[in-house]
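Protein chains in written order, with our numbering: chain A, 2 to 103; chain B, 115 to 681.
Hints should not be assumed to be uniformly reliable.
Which chain A residues face chain B? A few, computed with CB under 7 Å, are given here [claimed, not checked]: (1) V17; (2) A59; (3) V63; (4) A64; (5) Q89; (6) D90; (7) R94.
Facing chain B, a subset of chain A residues (Cβ under 10 Å, in silico) [stated by the list, open to error]: (8) S27; (9) T29; (10) S31; (11) R32; (12) D66; (13) R68; (14) A69; (15) R71; (16) I77; (17) R78.
In case anyone wonders, no lab produced these hints; they're calculated from the structure. By construction, the Cβ of each residue, glycine as well, lies at the ideal position given by its N, Cα and C atoms.
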Amino acid sequence: MTGVMFAANRLDDGTVIWLTGSLCWSETASRAAIFLDADIDLARREVMAASHRNEIVAAYEVAVDGRADRSMRERIRAAGGPTIIPPQDGQARRQRPSKGEG
Amino acid sequence: MMYRYDEFDRAVVETRAAQFRDQVRRRLDGELSEDEFKPLRLQNGLYLQLHAYMLRIAIPYGVLSSDQLRGLAGIARDFDRGFGHFTTRQNIQFNWIKLVQAPDIIDRLATFGMHAIQTSGNCIRNVTCDPLAGAAHDEIEDPRIWAEIIRQWSTLHPEFAFLPRKFKIAVSAGVEDRAATGFHDIGLRLVTGRGGEIGFRILVGGGQGRTPRVARMLATFIPKRHILSYLEAVMRVYNAAGRRDNIYKARIKILVDDMGIERFADAVNAEWHHVRDTATDLPQAEHDRIAAYFTPPHLVDASPVPSVLATARRHDAAFARWMQQNGLPHYHPGYANAVVSLKSAGRPPGDASAAEMEAIAALADEHGQGEIRVTYQQSIIIPHIRRDALPAFYRAASAAGLGGGEHRLVGDIIACPGLDYCNLANARSLPLADRIFRRFGDPERRAAIGRLQLNISGCINACGHHHAADIGILGVDKKGVEHYQITVGGRAGEAAAIGRIIGPSFAEDEVPAVIETIIDTYLASRDRDESFAAFIARTGPDAVKEAVYGNSATGPQARRGGQHDLA
Numbered sequence: 002m003t004g005v006m007f008a009a010n011r012l013d014d015g016t017v018i019w020l021t022g023s024l025c026w027s028e029t030a031s032r033a034a035i036f037l038d039a040d041i042d043l044a045r046r047e048v049m050a051a052s053h054r055n056e057i058v059a060a061y062e063v064a065v066d067g068r069a070d071r072s073m074r075e076r077i078r079a080a081g082g083p084t085i086i087p088p089q090d091g092q093a094r095r096q097r098p099s100k101g102e103g
Numbered sequence: 115m116m117y118r119y120d121e122f123d124r125a126v127v128e129t130r131a132a133q134f135r136d137q138v139r140r141r142l143d144g145e146l147s148e149d150e151f152k153p154l155r156l157q158n159g160l161y162l163q164l165h166a167y168m169l170r171i172a173i174p175y176g177v178l179s180s181d182q183l184r185g186l187a188g189i190a191r192d193f194d195r196g197f198g199h200f201t202t203r204q205n206i207q208f209n210w211i212k213l214v215q216a217p218d219i220i221d222r223l224a225t226f227g228m229h230a231i232q233t234s235g236n237c238i239r240n241v242t243c244d245p246l247a248g249a250a251h252d253e254i255e256d257p258r259i260w261a262e263i264i265r266q267w268s269t270l271h272p273e274f275a276f277l278p279r280k281f282k283i284a285v286s287a288g289v290e291d292r293a294a295t296g297f298h299d300i301g302l303r304l305v306t307g308r309g310g311e312i313g314f315r316i317l318v319g320g321g322q323g324r325t326p327r328v329a330r331m332l333a334t335f336i337p338k339r340h341i342l343s344y345l346e347a348v349m350r351v352y353n354a355a356g357r358r359d360n361i362y363k364a365r366i367k368i369l370v371d372d373m374g375i376e377r378f379a380d381a382v383n384a385e386w387h388h389v390r391d392t393a394t395d396l397p398q399a400e401h402d403r404i405a406a407y408f409t410p411p412h413l414v415d416a417s418p419v420p421s422v423l424a425t426a427r428r429h430d431a432a433f434a435r436w437m438q439q440n441g442l443p444h445y446h447p448g449y450a451n452a453v454v455s456l457k458s459a460g461r462p463p464g465d466a467s468a469a470e471m472e473a474i475a476a477l478a479d480e481h482g483q484g485e486i487r488v489t490y491q492q493s494i495i496i497p498h499i500r501r502d503a504l505p506a507f508y509r510a511a512s513a514a515g516l517g518g519g520e521h522r523l524v525g526d527i528i529a530c531p532g533l534d535y536c537n538l539a540n541a542r543s544l545p546l547a548d549r550i551f552r553r554f555g556d557p558e559r560r561a562a563i564g565r566l567q568l569n570i571s572g573c574i575n576a577c578g579h580h581h582a583a584d585i586g587i588l589g590v591d592k593k594g595v596e597h598y599q600i601t602v603g604g605r606a607g608e609a610a611a612i613g614r615i616i617g618p619s620f621a622e623d624e625v626p627a628v629i630e631t632i633i634d635t636y637l638a639s640r641d642r643d644e645s646f647a648a649f650i651a652r653t654g655p656d657a658v659k660e661a662v663y664g665n666s667a668t669g670p671q672a673r674r675g676g677q678h679d680l681a
C-alpha cells in the first residue's frame, strides 16, 4: 500500500513542517500523517492552499510504503537538525540531549 | 591596512538592503510568488536549506577587520544559534536564519561594511585570494589590491549579472599558489615578465564539481594595466558562447573543453582587440587610490630568533608542534602569520561560535594588527604577529579552545556542510570528518604523518574540494544508503591535479579504517621525508589500491577480502 507524506518549510522562518491527519501543519515529524487513496488528493489541496496563503514553501511529497520514509535525508529533517551538533549549538543540545557528536 | 567602504560603496549596500527589505515584505504579503522571489533572495545570498534559511555573507578576498568579526559574532548570537560556518570560498554562512529577520541582518551587516551581494546566482562571485596577501614572504606584490579592483569592477556589473552559470575568480601573487588558482573559472597569478614588468598569468576553465578540470593557460602575461579589459573579453566570450540549455554544461570549463584552449584563446584575443580601447582599463590614479587603502602594517624592528620563542619551543612540546605547523613565515623576519585552526574533535570543520569569533578578534587586536584572514581550507590566519609574541598568542588561543596545530596535517579536513544541512547533498560530510579526526586523535601521530590534505564532499558538486585532495572522499547515494568513494593524488596549488578513484565505494563505518590503511601504506613505504603527495606521484594509486582492496579492485569478492583486511 503506497501512502504519501507531505513536508514543507514554513515561509516566514524556514522551519520544517509536516502535514497532519487533521490537515494542519506541525513541527513534530511524528505527527505527520501518511495519506492513502482519496485522502491524498485532499491533502494535496491543503498543500496548494497553504502555498497560496503564503504559509509554506518548498513543499514536497514523500512516497512511503505504509510507513515513514527512513532515508537519511528525511531522518535528519525529522530530527530537526544535523547529526553532529556543534558544541556551541545550545538550542539543539537542549532539544536533543541524548544525541551528541556522531 | 585594508579596504574601507567609501561613500559609493555605502550607498550601493544601503540601497540594496532597502530593496531586499521591500522584496521580503512583498513575499510575505503574497505580492511575490516563490518563483519570483527566489532569484531575488539568492542575489542576496539567502538559500532555503534542509532545516531553515541559510545566509551566505561575502568576505571579500577573505579579509576581515576585528570589528567586522565581532559584528559577525553578534549576528551569530542575535539571529542564529550562536555560531557560523566559514566556507571553502572564504565566506561565512549562517544556517538557522529566519526570512522575517533577514532584512535586519542585511541592515546590520551594512553598519560594519559587509553584505551578501553576489554570494549566489549566476554572476561573478566573491573574488578569493591568497590569505597571506600583504604578509607573505614570497609574493611579488600585494594581490589584495587587484582582488579589490576586480571586486569593484564585477559588483553589480550589468553585463555579467546573468551569466550562463556562476563564475569564480582567484588571485595569487606568491611563489606558492595558496589560492588554488588552478581550480577556478579564472585563476590570476601575478608574475614577473621579461624586463621585470609585473603582470598576470591567466588560467581559465578550472573547477571541480561533476566535471573536474584543472585550469588551462590562457595567457602567459597580460600587463596589469590591461587586466580589466582582458577579463571583460573573457567574460564576453563566455557570456555569448557558454551553454544555457543544460546547467551541467554551463560552466566556462565546458566551453573551453568544447572549443579547445587555442580556439578559446583566439576568441578572447579577438574580443579583446575589439574592446580594449573602449572597455574599462583602470586609470593609474584609480589604482593608486585603491592601493592607498592597503598601507603596509606598522612593524617594528623585531628579532627573527627571539629567545622567548626558542625557550618556549624547548619547554613546551605542544607549542613546538603548533609553531611547526601553524606559524607561517612573514616577509619581515621578526614577524610571523599564525593559523587559528577551526578543526578539532566535535567541531564541524570551519565552524566557530560567537565567543570564538570574539576571541579571534581579540587575538588579532592584541597580538596582530586587528586584521583577520579566512582561508579556503576553512581556518583563520592572523597576520603580522611579532615572533616574540607567538608563545603568548598560542596560550591565549589555547585558552579559547583554538590552539590546535592542525594546519596542513591530516586533521585539517576541508568538508562541505553535507547532508546535515544541504539540500543537494547525497551523504553527510561532517560526522565522517569528525570520525576521521578522532581516528588520528594523537597529535604526535598526525605530525608524524606530515603534510596531507584530506577533503570531504557530500555530493558531486564538490564544495568540499575532494578532487583537489591528497585523499578525497565523495559521498554518494547507493540504493538509499550513504556510501563514500575515495580518491588519491589530487592537489591544489602548483601542479594542480585531480585525484583518481581507487575503487568501489565504502559504507560510512568502513571509511575511517580505509583511510588508516591508505596512510599506513604510505608510512610503511615512503622514502625518507617523502610527503604523501610525492609518494602517490611516485607510486601511482596502485599501492594503496592493493592495500585497500587486495589484488583486484573490481569484484565484490576482492572487495570483501579488502574489507576483511581492514577489520
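Q. Among all the numbered hints in the text so far, which are the ones the structure does not match?
A. 3, 4, 7, 8, 9, 10, 11, 12, 13, 14
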